[in-house]
Structure formats: C-alpha cells, structure tokens
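Each chain, letter by letter, is given below.
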Amino acid sequence: MIEGILIGLETALSIKNILMVMMGCFFGTIIGMLPGLGPMTAIALMIPITYGFEPATGLILMAGVYYGAVFGGSTSSILINAPGVPGTVATSFDGYPMAQQGKAGKALAIAAYSSFAGGTISAIFLLFAAPSLSKVSLAFRSPDYFALMVLGLTAVSAFSSKGQFLKAMMMVILGLMLATVGQDSLSDITRFTFNNINLTDGISFVLVVMATFAMSEALTIILKGKDPSRASERISLSQLGSIKLDKDERNKMLKSIPRSSVLGFLIGVLPGAGATIASFLAYGMERNYVNEDEKKKFGKGSVHGLAAPETANNAACSGSFVPLLTLGIPGSGTTAVMLGALLGFGIQPGPRLYMTNPEIFWSVIMSMYIGMVILLILNLPLIPYIARVLATPKNFLIPLILFFSVTGIYLMSFNNFDIFLMIGIAVVATFLRLYNFPMPPLILAFVLGGLMEENLRRSLLISNGSFNFLWDRPLTAVILGLTISIISWQIYSSFKKKK
Amino acid sequence: MRISIDKIISLLFFILSAFYLHQTYQIQVFSFDENAPFNAKTFPTFIAYIGMFLSILYVALPERTSYKVDYKVLDYKSTLFLVIITVIYGFVILKVGFFLSTSLFLFFSYYFLGERRWVWMFVLSFPFVALFMFLLHGLLDVYLRDPLLKILGIIG
Chain S
0 MIEGILIGLE
10 TALSIKNILM
20 VMMGCFFGTI
30 IGMLPGLGPM
40 TAIALMIPIT
50 YGFEPATGLI
60 LMAGVYYGAV
70 FGGSTSSILI
80 NAPGVPGTVA
90 TSFDGYPMAQ
100 QGKAGKALAI
110 AAYSSFAGGT
120 ISAIFLLFAA
130 PSLSKVSLAF
140 RSPDYFALMV
150 LGLTAVSAFS
160 SKGQFLKAMM
170 MVILGLMLAT
180 VGQDSLSDIT
190 RFTFNNINLT
200 DGISFVLVVM
210 ATFAMSEALT
220 IILKGKDPSR
230 ASERISLSQL
240 GSIKLDKDER
250 NKMLKSIPRS
260 SVLGFLIGVL
270 PGAGATIASF
280 LAYGMERNYV
290 NEDEKKKFGK
300 GSVHGLAAPE
310 TANNAACSGS
320 FVPLLTLGIP
330 GSGTTAVMLG
340 ALLGFGIQPG
350 PRLYMTNPEI
360 FWSVIMSMYI
370 GMVILLILNL
380 PLIPYIARVL
390 ATPKNFLIPL
400 ILFFSVTGIY
410 LMSFNNFDIF
420 LMIGIAVVAT
430 FLRLYNFPMP
440 PLILAFVLGG
450 LMEENLRRSL
460 LISNGSFNFL
470 WDRPLTAVIL
480 GLTISIISWQ
490 IYSSFKKKK
Chain W
0 MRISIDKIIS
10 LLFFILSAFY
20 LHQTYQIQVF
30 SFDENAPFNA
40 KTFPTFIAYI
50 GMFLSILYVA
60 LPERTSYKVD
70 YKVLDYKSTL
80 FLVIITVIYG
90 FVILKVGFFL
100 STSLFLFFSY
110 YFLGERRWVW
120 MFVLSFPFVA
130 LFMFLLHGLL
140 DVYLRDPLLK
150 ILGIIG
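Protein chains in written order, with numbering that gives the first Met the number 0: chain S, 0 to 498; chain W, 0 to 155.
Think of the hints as simulated: they come from the structure by calculation, not from any bench. Here a beta-carbon is modelled for each residue, glycine too, at the ideal position from N, C-alpha and C. Mixed in with the good hints, there may be bad ones.
Here are the simulated distance ranges between beta carbons [unchecked claim]:
id	chain 1	residue 1	chain 2	residue 2	range
1	S	I123	W	V91	49 to 59 angstroms
2	W	F90	S	T199	16 to 26 angstroms
3	S	L5	W	L11	30 to 40 angstroms
4	W	I83	S	R249	49 to 59 angstroms
Below, a sample of chain W positions facing chain S; criterion: calculated Cβ distance under 10 angstroms [claimed, not checked]:
id	residue
5	Q27
6	I84
7	F97
8	F125
9	F127
No more than 27 angstroms apart at the CA atoms, straight line, and that leaves these computed lysine-lysine pairs for DSS-like [to be verified]:
id	chain 1	residue 1	chain 2	residue 2
10	S	K254	S	K299
11	S	K254	S	K223
12	S	K243	S	K296
13	S	K243	S	K295
14	S	K254	S	K296
15	S	K223	W	K76
16	W	K149	S	K225
17	S	K296	S	K246
18	S	K225	S	K296
19	W	K6	W	K76
20	S	K223	W	K149
21	S	K294	S	K254
22	W	K76	W	K149
23	S	K223	W	K94
24	W	K149	W	K71
25	W	K76	S	K225
26	W	K94	W	K6
27	S	K243	S	K299
28	W	K71	S	K225
29	S	K294	S	K243
30	S	K246	W	K76
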C-alpha cells in the first residue's frame with residue numbers, strides 16, 4: 000500500500016496533474032454554480048478536452064470537476080437559493096437564511112471548510128477501504144457481478160428519482176436498448192443497425208452523455224424560459240460580509256463534521272444513493288443530535304444545519320469512487336460518466352485495477368487531497384469573484400454549451416451522422432425531461448449494458464441455460480435479495496401514499 | 000376520459016419495446032448458436048419484454064402524482080430555432096471547416112436569443128473559437144479537421 004501511495008503521489012504531484020486538478024476544480028465550481036447544470040454536465044463538457052491525455056490525468060481532471068461542481072452548487076444554494084445540483088438542496092435550508100441575515104460570507108466559509116473536511120476525511124476512508132474491498136471483490140464471479148449491476152440500476156431508479164420509480168426503470172430499459180446497438184461483443188453479429196454502417200460500432204458513450212445532459216440541459220433551459228442569471232440580480236455579490244468565523248461557530252462545525260463525514264462516505268459507497276441522499280440524511284441526523292435550542296434554529300440559519308449537509312455531500316463524492324475503482328461498477332450517474340470515459344481510454348476499472356494500473360488507482364485518490372486544498376484556497380478568497388459567473392446571461396451560456404457538445408462529437412468522429420444522432424437523442428431527452436423522466440438511470444444502464452450482457456452470458460453458459468445461477472451462490476442471492484427489497488419497498492410506499 | 004401525457008409516453012414506450020422485440024427476432028444468429036443457452040438475441044429479448052411489462056404497468060396503475068407542465072411558458076420557437084441552427088451547424092462543419100462554421104453558429108445563436116451587445120457577441124465567437132482551437136490544436140495536440148484553414152495555410 001505504501002508503494003502504491005508513493006506511486007500515486009508521484010503521479011498526482013506532477014505539474015501537469017496539479018494543473019489539471021486546479022483546472023477541474025475551477026471549471027467544476029463555475030459550471031456547478033450555474034443552476035440546472037450539475038456535475039454530470041460539467042464532466043461531459045470536459046470529456047473532449049481529455050482526448051489527448053493519459054488516463055490518470057483525464058480521470059484526475061474529471062474528479063476535480065466533480066467535487067468542484069458539488070461545491071459550486073452549494074454557492075448558488077447559499078447566495079440565491081437556487082441549488083446548482085440536487086446534492087446541495089439541503090445546503091440552502093440554512094445557507095440561504097444565513098445569507099439573508101447578511102452573513103453570506105460566513106455561510107460560504109462554513110460551506111468551504113465543511114466541504115474540505117468532508118472530502119478530506121472521506122478520502123482517508125477511501126484510501127483504506129478501496130484496496131481492502133478490491134481484495135474482497137476478487138471473490139466476485141459473473142453471477143455476482145450481474146446481480147450487482149441489477150442492484151445498482153434498481154437502486155439508482157429508486158433513489159435518484161423520488162416517486163418516479165417506474166419512469167426511471169423505463170429509462171433504464173431505454174439505456175440498455177441503446178447499449179445493444181452495434182456488433183455483439185462475442186459473435187460480432189450486428190444488431191439494430193438498420194444497415195447503417197455508422198451504427199456498426201454502436202452508439203458512442205460520449206454522444207449519449209452529451210445529448211442527454213449537456214445538450215438537453217441547454218434546450219430545457221430555453222424551452223422552459225429559465226434564465227439562471229436572473230436570480231443573481233437579487234444579491235449584491237460585492238457585499239457578502241465577513242468570512243471569519245467566531246469560536247462558537249467553529250465549535251459547532253467541529254461537532255457536525257466527523258459524524259456527517261462518516262455518514263456521507265457510507266451513503267456514497269452504496270449504489271444509487273450518492274450526495275443528495277447523504278446531504279438530506281446528514282441534515283436530519285444533525286437535527287436529532289443537537290439540543291432543543293439549536294433545533295429551533297434549523298431552517299433559520301443554523302451552523303449545524305449548514306455544515307452537516309455540506310460535509311456529507313462532499314464525503315459522498317469520495318465514497319462513490321469506491322464501487323467504481325474496486326468493482327468497476329459505478330454507483331451513480333456521475334461515476335457512470337467517469338466509467339465511460341475510462342473505458343474510452345481502454346482502462347477497465349475493477350478489482351485488478353490497483354494491480355494493473357496502480358498509477359491510476361492511487362493518483363486519483365491522492366489527487367483528491369490536493370483537490371480539496373485547492374478548492375479551499377480557491378473558494379474562500381475568490382468566491383465573491385467566482386460568484387459573478389451566476390450573472391452569465393443565458394444568451395451566451397446556451398450557445399456555448401451547444402458548441403461544446405457538438406465539438407465533443409466532432410473531435411471524436413469527424414462525422415455528420417453522429418452530430419445528427421446526438422441532436423435527435425437530445426430532442427427526445429428534452430421532451431422526456433419535461434415530463435420528469437430521469438436521465439441518470441439511462442446513462443448508468445447505457446454504460447453497464449455491455450458488462451451486464453457479458454456477465455449474463457457467462458452465467459447462463461456456466462449453468463447450461465438455467466437461471467439457478469441467481470440463487471446458487473449465497474453472495475448472488477444476498478445481492479438479489481437486496482434488489483427485491485428495494486422493488487418491494489417502492490411498491491409498498493406507492494400503495495401507502497395512495498391510501 | 001382524459002389520458003395524461005405520461006401515460007401516452009408509456010404507450011409510445013410500449014410500441015418502441017414491441018418494435019425492438021420485432022427487430023430482435025430479425026437478428027441472424029449463426030446456425031450452431033441458434034439453440035445455445037445464450038446468443039446475440041437473448042439479452043435484447045429480455046430487455047424488450049421487461050420494457051413492454053413496465054410500460055403496461057405504468058399505463059394500468061392509477062396516476063399517483065400528476066406532473067403538471069405549464070405549456071404557456073414553454074418557448075417552442077427559440078428551442079426549435081436552436082435545434083435547426085445546430086443541425087445546420089452539424090451539416091456545414093465538415094464542409095466549411097471548424098473555425099468559420101463554429102464562429103458563425105455562435106454569433107447567430109447569440110443574436111437570435113436576443114443578445115445585441117455586438118462587441119461581446121464578436122469576442123465570444125471569432126476570437127473565442129480561435130483561442131479554443133489554439134488550446135486544443137496548438138497546446139493539447141488534439142487533431143482538428145478544418146479544410147478551409149488548411150487551404151489558407153493557417154493550420155497544418
């Protein structure tokens with residue numbers, strides 16, 4: 000492990016990679032700050048830039064964008080009560096009231112310190128958990144992997160879209176359908192190509208991500224007539240107040256951070272959960288922990304109420320890397336985008352990643368510490384200036400997003416067909432978004448589709464066509480049991496609400 | 000009886016799944032693979048049946064929460080324009096080249112969305128694209144196909 004850490008440090012501390020972390024944090028903060036544009040869009044827009052990079056550098060950049068975007072989301076939550084990402088909704092409960100009381104600077108400082116602490120503590124957990132889990136996951140066989148992917152897709156559908164389980168499951172199926180276009184990986188038989196040679200190699204992952212996130216976000220903003228910059232008119236960006244915290248505020252923060260870090264990390268590791276659930280649970284847990292006087296302050300600018308979700312959402316970001324790096328199975332839409340990018344680099348994450356590509360495995364973990372320090376340095380003094388991004392008019396923002404989307408595909412294939420296909424998927428995705436059909440399950444299913452088919456094929460061939468493989472191994476049965484529990488819970492809660 | 004848009008989308012999804020199933024049966028597998036426990040048809044067949052089941056379930060179950068869309072605020076005109084201009088951009092980018100087509104696409108998009116600050120519109124189109132090309136092509140060594148600039152001898 001020490002050797003791995005040193006390899007990781009060497010890679011992460013190279014000038015190029017430090018620059019990438021800085022760039023990732025900076026652009027992530029800016030994009031995450033814009034209401035409606037979350038980490039998935041931010042990472043999708045960065046993919047074309049990583050084409051010429053080493054895999055480790057590309058992943059370091061994307062990881063920087065990820066936690067930068069989560070922090071950026073909290074800034075817009077605090078300043079204008081418009082969370083840039085769902086994971087920062089809970090931040091606005093107490094952050095925005097603090098800003099309204101003239102303590103926006105303090106609220107931003109609490110968010111910055113909490114994010115730093117949450118991210119750093121959970122990166123330490125990741126340092127120890129990832130190699131151990133990698134060893135455990137070597138015992139996983141094809142049926143376990145297949146069951147785990149089914150669990151991941153079910154969990155993302157259940158948790159990422161509250162009350163929309165069936166809609167989310169339909170999106171999963173749509174993602175799997177898109178993943179089956181092109182040559183079958185084993186027999187090379189072409190499927191669903193309609194004799195179009197452009198579809199023989201399948202639909203590119205970058206194309207689907209750009210279409211369903213970057214491009215359809217842009218079209219949705221225009222269609223709904225939303226202007227993210229309009230909200231910034233309500234605040235005076237130059238008068239954020241002091242960022243210095245007094246002793247009482249520091250003590251309150253110090254109490255909230257450790258427990259929220261642990262909770263955030265554990266939730267982040269679970270498939271489908273992620274930053275949003277972590278932040279809400281941390282907020283709820285903190286409310287139960289504090290005394291009656293503090294409890295009354297919740298929702299009115301409580302330090303505990305702001306520090307807890309901010310710590311938890313950043314801790315969950317690091318936690319979500321555990322299943323990606325150790326099992327090769329992303330637990331969320333954002334890490335699914337990263338998996339897709341890694342596969343594009345020819346890297347297959349999984350239990351053997353830390354043996355076959357130690358520089359990637361360890362440098363990503365090491366870069367998280369550097370990223371957290373950079374975020375803190377970047378955010379505290381520069382936030383009044385960065386917050387001006389909130390005033391970017393949509394007239395400039397939307398064409399630039401469309402430009403980055405088209406360029407991403409153009410650079411990849413130099414092919415008109417891919418651009419038209421992307422526009423077509425984006426139009427359908429915009430229509431589906433309008434009616435609350437969630438996109439993260441579609442992306443996760445698209446990324447996992449090939450792996451799922453591969454593992455189902457192996458399992459069925461080993462068991463000679465019998466579905467007994469689903470309960471023959473205790474591990475598979477347990478994972479499948481969890482999946483059934485999630486589906487049952489969804490059915491139960493839907494009937495409970497109807498009553 | 001009124002049927003919600005959500006349910007209409009589910010019905011469309013059912014039709015899509017049924018069409019997908021039909022296409023699945025058109026897949027020509029090798030004769031020795033026809034009766035194998037798993038062939039190129041197996042996974043898509045499962046997906047198609049699950050898709051049909053889910054969409055029927057959504058249509059059959061009573062509506063839990065009705066998601067209301069305020070059609071009055073939807074700006075179809077601008078959205079349609081952006082889609083059309085992006086299609087045109089996608090069409091000409093290979094012929095005209097990256098620099099000119101992208102700069103014009105950005106400039107006209109800003110204009111149509113109501114922007115009239117000409118200096119900013121210019122800066123964020125032609126010089127911005129030139130800078131982007133320099134970053135990608137010049138610094139990051141990412142190949143950018145631009146026949147026009149190649150003819151003019153600006154890029155190699």
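CB-CB spacing for T199(S) and F90(W) relative to the 16 to 26 angstroms hint: The hint (16 to 26 angstroms, Cβ to Cβ) holds, given that F90(W) and T199(S) are roughly 22 angstroms apart.
Does K254(S) pair with K223(S) here, judged by a C-alpha cut-off of 27 angstroms? violated (42 angstroms)
Restraint satisfaction for F125(W) [CB to CB of chain S, less than 10 angstroms]: Violated, because the Cβ-Cβ distance from F125(W) to chain S comes to roughly 13 angstroms (cut-off 10 angstroms).
Given the hint that K223(S) pairs with K76(W), test it: the Cα-Cα distance must not exceed 27 angstroms. holds (11 angstroms)
Is the hinted pair K149(W) and K225(S) satisfied, with a Cα-Cα distance of at most 27 angstroms? Given that 27 angstroms is the threshold and the Cα spacing comes to 41 angstroms, the pair is violated.
Just to be careful, I want the Cα atoms of K6(W) and K76(W) compared with a cutoff of 27 angstroms; is the pair within it? holds (26 angstroms)
Pair hint K243(S) and K296(S), alpha-carbon separation not exceeding 27 angstroms: Distance ~20 angstroms between K243(S) and K296(S) Cα, so the pair holds.
Is K149(W) close enough to K71(W), meaning Cα to Cα at most 27 angstroms? violated (48 angstroms)
Okay, I123(S) versus V91(W) on CB: inside 49 to 59 angstroms? Given about 52 angstroms between the Cβ atoms, the range holds.
Double-check F97(W) for me: the hint is only fine if its C-beta lies closer than 10 angstroms to a C-beta in chain S. Constraint on F97(W) satisfied, holds at 7 angstroms.
Mind checking the alpha carbons of K243(S) and K295(S) for me, to see if they're no more than 27 angstroms apart? At roughly 24 angstroms apart (the allowed maximum being 27 angstroms), K295(S) and K243(S) satisfy the hint.
Holds or violated: K254(S) with K299(S), Cα cutoff 27 angstroms? At roughly 19 angstroms apart (the allowed maximum being 27 angstroms), K299(S) and K254(S) satisfy the hint.
Hints 3, 8, 11, 16, 18, 20, 22, 23, 24, 26, 30 from the earlier list are contradicted by this structure; the remaining hints agree with it.
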